[in-house]
Amino acid sequence: MTQEAVLDRAGAAPRRSSGWARFASLILADKKALVGLVILSLFVVAAVLGPVLSPYDPNAMDFDMIVGPSWTHPLGTDDLGRDLLSRLIVGTQISLFVGVSTVAIALVLGVGLGVLAGYLGGWVDHVIMRYIDLQWAFPNFIIAVYLVAVLGTGLVNVIVAISLAFVDDFARIARSMVLSIKEEQYIAAARTVGVSDFRIMWRHILPNATAPIIVQATVSVSYAILGEASLSFLGLGVEAATPTWGLILSESRSFISRAWWLGIFPGLAIMLTVLSINFLGDALRDFLDVREGRGI
Amino acid sequence: MSGYLLRRSIGALIVMWAVATLVFFMLRIVPGDPFAAMMADAGDMEAVEALRRKFGLDQPMYIQYLKWFSNALQGDFGTSIYGARVPVQQLLLEAIPRTLSIAGLSFIIALIIAVPAGLIAATKRNTGWDHGVTLFAFLGLSMPDFWLAILLIVFLAVNISWLPAIGYEPLSAGFWPWLSHLILPAIAVGTGFAAIIARMIRSAMLEVLKTDYMRVARAKGLKQSTLMIYHALPNALIPVVTVIGIAFALLMSGAVVVENVFSIKGLGRLLIQGILNRDYPVVQGAILVVSAIFVFSNLLVDMLYGVIDPRIRYDS
Amino acid sequence: MKKSTNLTERQRTQIEDDLKNAYDFDPRDPLFGLSRAEMSGPRLKRRAVLRLMAASGTLTAAQLLPGLGGLGSARADGHAGGTLNCGWSGVGEIQTLDPAQINQVLQFQISSNVLSGLMHINADLVAEGDLAESWTVSDDGTEYTMKLREGVTFHNGDTCDADDVLFTYERSKDPNQSIHGRVLNNVAGLEKVDAYTVRFKLKKAQASFLTKALERSSGRAMTIVSRGALASMSPSDYGLMPVGTGPFRVTFHQLGQGVVLEKFDNYYDPERPKLDKVIIKPISAAEPLGAAMEAGDIQLIGGNPIAPELIDRFVANPDLVVDEKPGPGFQSLWMNPWHEHMKVTDFNKPLDELMKEKGFKVRLAIAKALDRDRYLKQAQFGRGTAAYGTINPAMGYYYDEALAETSGQSFDLEEARRLMAEAGYPDGEGFPTLKLITTPSNRRESQVVASILKRNLNIDIELLTKEFSVGIEDFDTMNWDMRRAGSGGDYDPDDGLVDWMQTTSKFNGRKRNESTHPFGYFSEAEVDALTNEQSATADIEKRRELVQKANRITSDKVACAFLYHPSDILVHHKSVNFPAISRIPGLVDLDRVTLS
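Residue numbers (numbering that gives the first Met the number 0), protein chains in the order written: chain C, 0 to 295; chain D, 0 to 315; chain L, 0 to 595.
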């Protein structure tokens with residue numbers, strides 16, 4: 000057994016072995032988390048099976064405009080005669096994709112920057128932190144608005160804008176975790192035996208910083224979904240024909256008093272998803288014992 | 000304390016300068032020509048060029064920047080590019096009270112909802128009350144605020160004649176006209192915030208109730224209500240104060256969207272419209288004010304924290 | 000009220016008498032540009048009235064109008080006084096009311112109530128004297144001598160005379176102060192004859208001079224501003240609260256907050272205005288606008304066209320009046336002729352030769368596949384008229400109703416599909432995805448355009464929503480595949496033809512690289528010539544012929560795929576009496592409006 004392997008066992012992964020099992024039992028015990036998990040699973044299934052499940056082409060228009068829920072159109076039709084259920088199902092795919100991909104990008108960039116800053120210290124830390132502080136001075140949503148204005152609208156640009164706006168949150172958490180772990184004995188030990196900086200960060204520091212990052216990531220997914228909806232509402236969102244929940248909801252605004260279903264269903268879809276993510280995030284937070292992260 | 004304050008203030012000014020500079024250059028690489036849009040109808044290229052000269056846009060970027068910076072230092076942010084070319088200061092002075100009114104009232108509404116809700120949830124832990132509060136908090140967090148705003152208009156404003164659906168009246172027009180126009184936007188913005196505070200108060204109260212100090216107080220036989228309101232709550236509010244900085248971020252983001260629904264030209268709307276129209280001077284001015292508010296409210300919160308919690312000292 | 004009714008009756012009889020006597024009058028051309036009503040062809044009576052007016056030069060419409068009630072106006076019921084609350088639709092603020100800077104219809108809708116011009120169009124789009132009491136036109140049509148109304152005062156008490164007209168003229172010509180200099184390009188000079196007489200000298204005869212250059216609302220270059228006020232106010236203050244000679248004065252204006260107008264007691268017509276106060280609030284979103292109207296917070300809607308989805312809702316509401324008229328304008332789907340798959344590099348070729356070109360076949364196929372009925376039903380909830388050219392039904396006399404049948408663009412699905420197949424794209428196969436640039440307000444309806452083309456030709460169209468300021472940049476540099484755009488304030492054929500269809504038109508690729516793009520989106524020598532000729536043609540029958548011919552060519556040679564002419568819809572509460580005489584398409588003139 001190499002020295003490194005010993006270190007691994009000693010420092011990096013004390014929780015791993017029974018973690019999932021304990022988390023599963025926790026979720027089963029926590030009704031909120033269970034509800035969240037069930038709802039979220041349903042949406043994920045809808046997203047994966049989207050094209051199979053949706054009864055109509057989500058972009059096909061016919062003259063049955065603004066017709067309420069019926070057997071032919073279970074959730075009614077929109078102002079252009081498109082089937083709302085089909086649009087919401089396809090929207091599930093896109094909205095969840097926006098939520099997850101946004102956070103994935105933000106996480107990679109933010110954690111990368113944070114770990115670099117925290118571990119290397121010195122001028123690298125200084126430069127990165129000045130930038131992070133700058134971004135920290137603004138609400139994420141305002142930053143996203145501005146980035147979309149620079150990049151232009153559209154699905155890809157919205158994802159890029161929201162993820163860049165989230166970078167500072169992850170960077171801060173990662174950096175502070177690294178700073179607190181850096182001084183631990185096993186890191187010093189690894190350094191003395193000549194393990195490379197990269198390897199130390201990757202194998203030893205990151206695994207120990209995961210808990211708060213996971214919590215932040217979970218919460219961020221819900222904020223990304225809400226952020227996309229708000230951007231779409233301001234006319235800064237995805238392109239017109241892309242049926243995201245946010246866009247469907249924002250397009251319903253001129254019909255909401257005449258066609259409740261147009262406003263209620265996409266709103267509910269957003270709310271239920273965000274709600275279940277929050278439920279799960281809450282359970283995770285209790286489980287991992289992490290304090291509140293930062294929001295919108 | 001004063002040394003710390005000075006250092007932090009200088010830091011804050013540097014952040015504002017950096018943001019303003021970043022925005023200045025980013026704005027100019029954004030595609031879109033405000034003058035072309037303005038002239039689309041008149042089609043007079045000569046007038047376009049005259050305007051460009053007037054706004055100094057024919058000059059190299061660094062000269063534009065130096066000019067803008069030196070003017071801004073003297074409190075001159077230039078004029079809007081559009082229409083009547085109203086001075087940016089005037090626009091900001093009109094917009095600030097609107098946004099602060101919404102933010103302030105949302106804050107009050109949020110506290111009115113959140114403090115009792117948090118208290119009840121903490122004292123009646125794991126009862127129906129607690130679950131109710133928790134559910135409300137989650138719903139508040141999960142609802143897009145523009146959606147809530149539209150629902151409020153559709154279901155309240157149309158049916159309640161004294162509740163105006165849109166617009167803003169300044170306080171000078173009277174207290175009630177001012178307040179009545181703010182109620183719906185403030186509810187729309189404040190709900191999400193109320194949810195956050197209620198949750199914070201609940202968990203802070205639970206922490207406080209566990210402390211020795213509270214156990215002693217309880218052992219002394221103090222009444223439950225006295226205990227809660229005079230002993231536990233003030234302690235539980237400390238972490239709440241820390242979120243005021245974040246609160247402002249939240250309220251501002253909310254205001255940007257909600258001002259749009261209620262046709263209130265506050266800072267958020269000024270900013271969004273400026274961005275959409277490529278109205279450089281307005282965006283620069285608005286960003287500067289918004290960042291000033293952020294940076295200094297964070298600073299204020301830190302100071303406040305020191306006042307509330309005597310354990311924290313800023314002297315190095 | 001009763002007294003004025005009597006007067007009206009008397010005046011009407013008088014005019015009718017005058018008419019009978021005037022039948023032999025040779026109405027050659029003093030009628031310049033008095034576009035539609037005079038020419039509302041078959042209705043000889045009105046035409047004769049107007050000819051009489053113009054020929055004698057002393058009977059101005061403003062004098063006649065109170066008596067012209069029989070020509071389609073209704074007298075207002077209700078009493079003078081009261082406050083009218085208005086919502087201005089689809090807009091967050093009224094950026095300016097200074098005529099020199101106004102660039103949106105929703106702005107001059109307000110300024111038209113505050114400032115006067117020399118001329119003002121009426122409900123039939125005919126120019127009438129506003130501050131001009133009478134005018135004469137030289138035989139060659141290049142000199143307009145205008146007698147100004149005397150005793151007119153500005154809101155600040157200054158007298159309005161020839162010097163103010165000259166001042167306005169100089170201000171409008173100066174690109175540093177005005178964006179409307181181009182409107183006066185054809186004016187060689189303006190001279191003051193005496194304190195109340197001015198004379199315009201034109202470079203060449205211009206049929207649209209009265210309706211286009213001198214019109215108080217849409218013209219804006221000769222909307223009379225106050226010298227005195229401009230000397231004492233900052234330009235931005237004047238932009239917010241301009242001082243004019245109109246029926247209302249601005250007493251409050253804050254951006255985003257709204258505008259308050261109050262009755263001007265010294266308006267030159269003591270009978271007007273009727274209202275004491277008008278409060279205008281900008282409301283950008285549709286749902287709050289609908290809610291404000293239904294809750295009674297506002298009683299009238301002006302501003303941008305009301306979202307089509309709100310209109311049915313208003314129609315269903317018994318408390319509201321929805322008044323629909325043909326609107327002045329056209330909307331099109333533009334296709335870039337420099338795009339590889341829609342390429343036409345010479346529109347001057349005869350039609351049968353163009354028909355052999357692949358690019359032209361595609362353009363024609365798209366225009367023919369554009370099912371306009373379906374579009375109107377789905378996108379506009381059935382409101383509006385299918386368009387095949389720029390000349391719109393609001394222009395009445397110039398409008399070519401037969402074009403719907405005779406145009407090469409008439410809907411024919413079989414033919415469109417055959418053309419696509421011939422061009423090498425059977426059932427859309429091999430045809431690239433096109434990017435359609437649209438504006439945020441056209442987002443919804445552009446989806447319908449895309450869906451129709453997908454359905455009929457199996458072409459994929461990707462929407463790119465860009466703010467107007469960004470999209471226009473692409474359009475100007477010819478950096479686009481397709482674009483949804485059109486025009487909204489076309490009171491004269493010049494608006495469509497001169498502004499859009501000539502090689503030198505202001506929208507026609509004005510920032511293009513001329514070495515790679517010799518022209519912008521369209522260039523056709525005969526259309527250029529016909530357009531120039533109609534502009535200078537006084538005789539209305541002749542002008543109509545030229546206009547319709549040019550219009551037909553732009554349609555057959557597919558300058559763009561014409562889509563529709565919007566309706567002009569005014570919505571107000573039943574309690575608001577909006578007389579037909581004030582119902583000018585595109586405008587919201589409130590001087591005769593009363594409340595009951």
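If you are wondering where the hints come from, they were derived from the structure by calculation, not from laboratory data.
Glycine included, every Cβ here is placed at the ideal spot set by N, Cα and C.
Check the hints yourself; a few may be wrong.
[Said to hold, decoys possible] Computed beta-carbon distance windows for the label pairs:
| # | chain 1 | residue 1 | chain 2 | residue 2 | range |
| --- | --- | --- | --- | --- | --- |
| 1 | L | MET354 | D | ILE28 | 44 to 52 Å |
| 2 | L | GLU513 | D | MET60 | 23 to 31 Å |
| 3 | C | VAL99 | L | MET354 | 49 to 57 Å |
| 4 | D | MET60 | L | ALA79 | 51 to 59 Å |
| 5 | L | GLU513 | D | ILE13 | 43 to 51 Å |
| 6 | L | ALA79 | D | LEU134 | 56 to 64 Å |
| 7 | D | ILE28 | L | ASP318 | 21 to 29 Å |
| 8 | C | ALA23 | D | LEU134 | 51 to 59 Å |
| 9 | L | ASP162 | D | ILE159 | 51 to 59 Å |
| 10 | L | PRO317 | C | ALA103 | 39 to 47 Å |
Evaluation of the provided hints:
Separated by about 45 Å at the C-beta atoms, MET354 of chain L and ILE28 of chain D satisfy the suggested range of 44 to 52 Å. Checked against the hint of 23 to 31 Å, the C-beta distance between GLU513 of chain L and MET60 of chain D comes to roughly 27 Å, which is consistent with it. Distance hint for VAL99 of chain C and MET354 of chain L: a CB-CB separation of about 52 Å, consistent with the stated range 49 to 57 Å. Remark: the range hint 51 to 59 Å for MET60 of chain D to ALA79 of chain L is upheld by a beta-carbon distance near 58 Å.
For the pair GLU513 of chain L and ILE13 of chain D, the supplied restraint of 43 to 51 Å holds, since their beta-carbon distance comes to about 48 Å. For the hinted restraint 56 to 64 Å between ALA79 of chain L and LEU134 of chain D, the CB-CB distance of approximately 58 Å keeps it satisfied. As the Cβ distance of ILE28 of chain D to ASP318 of chain L is approximately 51 Å, the hint placing it in 21 to 29 Å is violated. In this structure the hint that ALA23 of chain C and LEU134 of chain D lie 51 to 59 Å apart at CB is violated, the actual value being about 24 Å.
Here the CB-CB span from ASP162 of chain L to ILE159 of chain D is close to 55 Å, well matched to the stated 51 to 59 Å. Checked against the given bound of 39 to 47 Å, the beta carbons of PRO317 of chain L and ALA103 of chain C, roughly 55 Å apart, lie outside it.
Consistency note: the structure conflicts with the earlier hints numbered 7, 8, 10.
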